[in-house]
Amino acid sequence: MSVCRAHSLTLSGIDALPVEVEVDVSPGLPGFSIVGLPDAAVQEARERVKVAISNSGYKFPTKKVIVNLAPAHLRKEGPAFDLPIALAVLAVSGAVPAESLKDAGVVGELSLDGGLRGVRGALSMAEGARREGLRRLVLPEINANEAASIGGVKVFGIRTLREAVDFLGGAHEVAQAVPEGNDGSPGNTETVEDFADVAGQSFARRALEVAAAGGHNAIMSGPPGSGKTMLARRLPGILPPLTLDESIEVTKVHSAAGEGNGALIHARPFRAPHHTISTSGLAGGGSNPRPGEVSLAHHGVLFLDEFPEFNRPTLEVLRQPLEDGHVTISRVAATLSYPARVTLVCSMNPCPCGYAGDKRRTCRCSAGQIERYQGRISGPLLDRIDLFVDVPRLTRQELRGGLAAEPSAVIRKRVAVARETQVRRQGVPNSALAGARLREACKLGGDSEALFGAAIDRMGLTGRSHDRVLRVARTVADLAGEHDIAVEHLAEALNYRRSSFLDR
Amino acid sequence: MTGSERSAYLFLSLLQARTGTSFVSRLGEIPLSEIPEMRASELGERVRMTERATKAFDELRQGFDPESVLGDVERLGISVVTLADETYPERLKAVPDPPPALYVDGELPMPDLPSVALVGSRKASVSGLDTARSLGRALGERGVCVVSGLALGVDAAAHEGALEAEGVTVGVLGCGIDVVYPRSNRRLFGLVRESGAIVSEYHLGEAPLAWRFPARNRIISGLCQSVVVVEAAEKSGALITVRHALDAGADVWAVPGPPGLPECRGSNKLIADGAGCLWDIPEFVDSVAPLPVEPVRAKASRLDASVPAGLPEGEAAALAGVGFEPTAVDAVAGRSGMRMQEVLSALALLELKGYVSRDGSGAFVRRAGG
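Protein chains in written order, with the working numbering: chain A, 222 to 725; chain B, 6 to 375.
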C-alpha cells in the first residue's frame, strides 16, 4: 500500500480541528513535498522529518513522497504536524503498523535528533480528539499532563520518534498519562502579595473586595504614589477559586498562546499589560493568530495601569469583550473567536499632573486640561465600569491611624461565599446582570426603594448608573450574606458611583 | 451726529479687539466722528500708536462699513450698545477704560437694578461651588442681578444658582459674542441668554485668547456695585476682577475659607487686606439689596460644628468625622472608628440628607445649611 494516513489536530482559536495527514510514496525522482495550505513552519517540516527519521535509525524512502494535509481549505500552521507526517511516512515503509494510526491522534514537533518538543494547545487537542472519537492521543511528554486533565481520551506522552514507533508497534509500553494536581484545590496563592501589608486605604480595599466578589469592572483614580498599582497587584489573592470548567477554559487559552505550564491552571489569571501595548497585543490576532491579553485574562483580572495613556483605538477593542465575553478576530484566512470574560481594573491620575484634589501638592492643570485628560476615556467604555474608586494620597497620620488590615485569605473566604451565592441564584456573577434578570435579582424593599428614589433625584443618577448601583448593591448584600438588598447595602453602593468629574 | 459717533466707537472697538490696546482712554480732545476718516499717521501723532496698531488701523479703515458690521450681528438677534448710546450702562462708563462698544445677546437688566458679580476659581472645591450656587440663588430671589463670566467652576455655579431662583443673570465673555467657550457650558449659555443677557466687547467669531479674559474682567466689575470672590487661589483671574472693581469704585467682598487651603489663600488674603467678609449669606443679601420695608429676619445659617440632633448613631458618628475641609473616606473611618462598610453607607445617607457632599476626588466635606 502506498498511501498511509495519520490523524492530527490544529488550533483554530482555542479549539482544535481535525486534520488528516495523508502520505503517498510513489516511484520516481526522490522528492518530498507537502500540499494542503501549509504555512512556512509546516513546509519546514520536510527538513526536520527527513533528518529526524534518519537520525532515529530508520530509512527515509528515496522515492517521490507527497504529504497532503486535509481538509485542504483549512490553513495549517505550526510545527505540530512533524510527528504525524513522520509516522505516516514510516507506516508506508512498514516500520509502523498502519492499523495502529487509525484510532490515534498524533501531534508533536520533532527536533533533528528525533526528540520531541512540546506543542501549543495540548488541552484543546485532547478535547478535539475526544470529540472526533479518537481513543488515543499521542503527543510529547511535556504536554501529557495538561492534555490528560480533560479525560475521555487516553493520553500517551512520549519523548522521541523512536519511542513513538515502538509504542505504536507494540514493542514498548508507555504508561497512560494521569492528570496531576487536579483535585480542584485553590490555586497557589502564597506567592501573591497580601492585603495585610497595605497600610490605610481601607476604602479602596473594600471596593476591590466588592469588585472581586461580583466580578465588577473598577477604575481607581488618584495621585501618583497613592498606591493604586500596589492595591491592584493584591487583587488576585482575593479572587474566588476557579471552577473546573473555568480552569479548563483558562488553560486552553493559555495553552493556545503557548503560555501553559503543562498542567491545569487553578489560579485566576491576572494580566497587567503596559500602556504601550498594540491593538492586536491586547485583543489577539497576528498572522499566526494567538490570544491577546484580554483573552489571557479570561475568568480573571485585566489590569490597565495609567488607563488614559493607552492608545484610544487600542482601548476601544475592549468594548466587544466587555459586552459579549469574547473577542472576534477577522482575517482574510479565517474568523476566530477567543473567550474574554474579564474583570477590568484600571488606574488613572485625576489630571495630567496627577495632583488634582491632593491636599499637599497643588494641581497645575487648567480646568480645560483636566477635562481633556479625562475625556480620553470613551463614554461607552466608562459605561461598562461599575466601581469608581478614588484613592487619595494619605498623610502619615492617616496611614498610621487606619483600620487594622485584614489578610487576603480572610477576604478571599468572604468573596468565595458571595460568588457561590450569585452563581447559585442566577448562574452568572452580579456584574453580568442586566435587564429582566437584574430586576429579578435586585428587588428592593420599601425602605430601600424610597432611598433609591431620593438618590436618583439628588445625585442625578442616569439610567445606566442606576443599573450599576443596583448591581453593586446586590454584591454588597451578597458579601453580607443577606437575601434582600437593605438600605445600608444600597447606601454603600452609592459611594462607588462615578464622581462628578467623570460624569459628563 | 449720533450715527457717526456710533460708527466711530464701533470702529474703535474692532481696532481694540485686534490690537489689545485701549484707545478710548487716550483720545483726549480728538473729535470722535473724525477718527474713521483720519489717516493713521495723523492719529498716530496725537495718540501714541505702535507700528502694529498703525498697520491694523489702516487695514481696518479700508474695509470698514458700519452698516455691514451692525447688520451681521443684528441678523443673529444681537444688539450693539456703544458709548454714544443712552442705554450704555452708566456704571461701566466710570471704568478707566470702558469698552467702546458692547455686543448684547439678550436684554441688559434695567439700570436701577442692583447687580453683584460672583467670581472665583474655575477649579473650586465642592464647598466653594456650593457657596457660589447658594449666593446666586439668594441674590436671584432678592431680585439682584448676578453677573459672572460663564466659565467653569464658580462662574457656572453662580449663574446656575440665579437661574434656579428664576433671577436675572448676565454673563460676560472673553471671546466673540457668538462663541461658546467652554463648550461644556453650552446649555448654560442658552439659559443665561433667556434670563438676562450674554455680553461681550468682541465681534462675531473672535477666539478666546488668553489676554481677553483679564480684559473682560473689567466689564464684569464695571457692571456691578459689588464684587464677591467666592474662592480664589493666590494667582487667580478673580483677583484681577477685584483690582478692576477697586478702580471702578465697587465694593469687594470675599467668602472666608479654611486657613491654609491653597484654593482659598487668595480670597482669604483679600479679607485680611480689608475686603468685606461674607460670613453669612442672608446678611450679605440684606446689605447689597435692603428690603424697602422691615427686612424679614433671615433664619440663621445652619452652619454648625456640632452634630444635629436626631441623626441615627452611625450617621452622627460619621458626620462628626467629616471636617469643613475635604476629608478622605479613610480619615472619616479612622476618626469614627467604624468599619468601612458602615462608614460608606452612613456617608451616602448623610449625602442624601444634605449634610455632606462629595467632591471630585472622592473626599467628603460638611455642607453649610444643608
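FYI, nobody ran anything at the bench for these hints, they're computed from the structure.
All residues carry an ideal CB built from backbone N, CA and C; glycine is no exception.
You may find that some hints are simply not true.
Unchecked claim - Computed from the model, here is a short list of chain B residues facing chain A with C-beta under 7 Å:
#1 PRO263
#2 PRO267
#3 LEU316
#4 VAL334
#5 ALA338
#6 LEU349
#7 SER350
#8 LEU357
#9 SER366
#10 GLY367
Taking the hints in turn, this is what the structure says about them:
Hint status for B:PRO263 relative to chain A: violated, with the closest Cβ pair at about 11 Å, above 7 Å. Annotation: B:PRO267 was flagged as interfacial toward chain A, and the flag holds, the nearest CB pair being 5 Å apart, inside 7 Å. Interface restraint check: B:LEU316 against chain A, minimum CB-CB distance 14 Å, threshold 7 Å, status violated. The criterion of a C-beta within 7 Å of any C-beta in chain A is met by B:VAL334, whose closest approach is roughly 4 Å, and the hint holds.
Of the supplied interface hints, the one on B:ALA338 holds, with its beta-carbon coming within about 6 Å of a beta-carbon of chain A, less than 7 Å. Because the beta carbon of B:LEU349 sits about 4 Å from the nearest beta carbon in chain A, less than 7 Å, this interface hint is met. Taking 7 Å as the C-beta contact cut-off toward chain A, the hint placing B:SER350 at the interface holds, the least distance being around 4 Å. The beta carbon of B:LEU357 is positioned within 7 Å of a beta carbon in chain A (closest approach about 5 Å), and the interface hint is therefore held.
The beta carbon of B:SER366 comes within 3 Å of a beta carbon in chain A, closer than 7 Å, and the hint placing it at the interface holds. Satisfaction of the interface hint for B:GLY367 is found here, the shortest Cβ-Cβ separation to chain A being roughly 3 Å, below the 7 Å cut-off.
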